[in-house]
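S.K.: Taken in sequence, the protein lines are chains A and B.
Position 142 of the first sequence, counting from 1, maps to 125 under my numbering, and the rest follow consecutively.
Position 89 of the second sequence, counting from 1, maps to 93 under my numbering, and the rest follow consecutively.
Each hint can be trusted.
Over 12 Å on every C-beta distance to chain B, these chain A residues come out as not near it, computed from the model:
# : residue
1 : Lys(-2)
2 : Asp12
3 : Pro171
4 : Ile246
5 : Glu247
Which bits of chain B does chain A cover? Going by a derived footprint, with three or more residues having C-beta under 8 Å, they are:
# : region
6 : 16 to 30
7 : 116 to 125
These aren't lab readings, by the way, just hints derived from the structure by calculation.
Quick reminder that beta carbons are idealized off the backbone N, C-alpha and C, glycines included.
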Amino acid sequence: MKALEVRKIKKTYSKWRHPVRALDGVSFDVEDGITVGLVGPNGAGKSTLIKIIVGFLKKDEGEINIKTSKPLGYVQEYPTFFDMSMENNLKYIGDLTGTSFDKVERLLKKFGLWDRKSAVPSQLSKGQTKRLAILRSIIHDPDILVMDEPFSGLDPSMAIDIRNMIQQLKDEGKTMLISSHNLLYLTPICDRVIFMSDGRILGEYTPKNTINLRVEYIGNIPDEMKNYIERDGLMVIEVSKEKVPEIIRKLVNEGVEIYQAKIEGLDTIYERLYAGDSHEKQIPNSY
Amino acid sequence: MSDYTLGIAMKNKFLIHIKYGFIAHNYQILIISVLSFFIGFIVAYDNSINFHNWYVWYMANSKYPSQSQITLMKVENVYDFWRNIVSYMAFLLVPISSIIMSQYEENQMNHYLLLYDQTRPSLYLSRIFILLFMSFLASSIVWLTYGVLFNYINGFSVWYPAAFFAVFMIYFIISLIGGCVGTIFKKRMWSIVISIFVIIFLFTMGSNAYYHGLNIVSKMHNIHTVAEFRNAFPTTLKIITFLSPLSLMEILNLILGIPQTVDVPNNISILGYWGDVYLFVLWITLLIVIGYAIFAYRHGIVKGVKS
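The following block holds chain A by itself, in its conformation from the complex (with noise of 0.2 Å):
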């Protein structure tokens, strides 16, 4: 069953008469008790989508369909009540949502910060702040969560708490969406990832099973396989890896000779997808 359906997005901002596409047409599904990874380059449009997703944005065209009985949870970047104990941060959200303060307590437990709750977020780490956020949209136990850069400004140890802090999620069954530049932490959450580029997708991609087959060779590449010529003497497929047996085989029995054959994962693809695109487009601050 789909949890959240996207359809035909749109979205340009105009600053000073000087428009900027940020989304051109986004489309996809979220399917129930799946996580979801957005990723792309900085003004990709991906914060722009999760806020038009949550709410905080207005789309020019498309629609979109969330299937829930409760509010998103929402992952904010950074945001927080800065005037607020950690504690009271929780329980805000928890009064609004009529969530007992037992669970606030067992939150803060279970996530290894019931020493801070009395800490104000200017006096928490990074890291600590992303998961006073986190708790923040699970309190009142949403059945999608929705995250905007999880991973962004931490250091390793604090981002691979914060990785496994969402996988007790998805453990738990949540359907989430989360957008990030940081692969490496994403990759091993996500069900499905999305690239996205210039407000548009360039490609979905399945992590467990996509990769990418770099095949060293001589010889003559059948018609059908050409495509995938990257320079003279080298191919590179995408694919799932059940089909590289066939693909080798296919390539010997057409005298093709491989002296090298290589498999490279997900991080790639995103490096070929995205070369030359490290260019950002100015979308206004104030969004």
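Assemble chain B onto chain A, guided by the hints.
M.R.: Relative to the frame of chain A, chain B by itself:
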């Protein structure tokens, strides 16, 4: 959801927002309280000593001291005190009110709250309630400081609850002006700067329009007092008074009971007691409605997501 249950839900959420609003804004309220006391103390001491000096002089130089003259001077001292204190406190109340309204706009936490509570009025009105409480607290502290100090120095009581109530309303209007600026400009630093400019503008425009206007009119039409001006151009005076919320302070005259025949230049009370009260209410309503319209426009899209 029926209207009744929606009403209960709104009331409950309103109370929750107030509870956490006080926790979130406790520093601002504390700052206002402490500064109200210090500023109130300084101005109250100055005014009380002035009255004391006048009283000693008057008793020493009058063969038949008049009780009504003493009462009048006492009332004018009260008026003078509140006029000064409102001017000083405006520069504190306005930026702090703008911080209260803008600080969770800037980081979008207000919008975040509306994910869980889609009754926008409850969130907005809870912030207004905090402004109301802050205005009440500030005016009470100043009132108590002045009352106690004046009594200590002169042995007279100057409580005048009606004057306190009027000043509380003026404080609230000033806070609402700051609140409106804070709602419009969601960047906190900008809202502070702009709110201070707005209050300077209102002060300057109010006094310029009033005194220069009176000067010009007196030369053109041979009018020398506000009472004559009111008789000659009642509508113009009403408009000037209404446009400048600080001019509402002049209404203190009537509320304090200074006889309208006393031709002090500040005597521009125009609509009578209840008319002046309605002006207060009109200003308060207008500022709350304008603020809410902006707030609702900014947060009007949460319900756009189908679920």
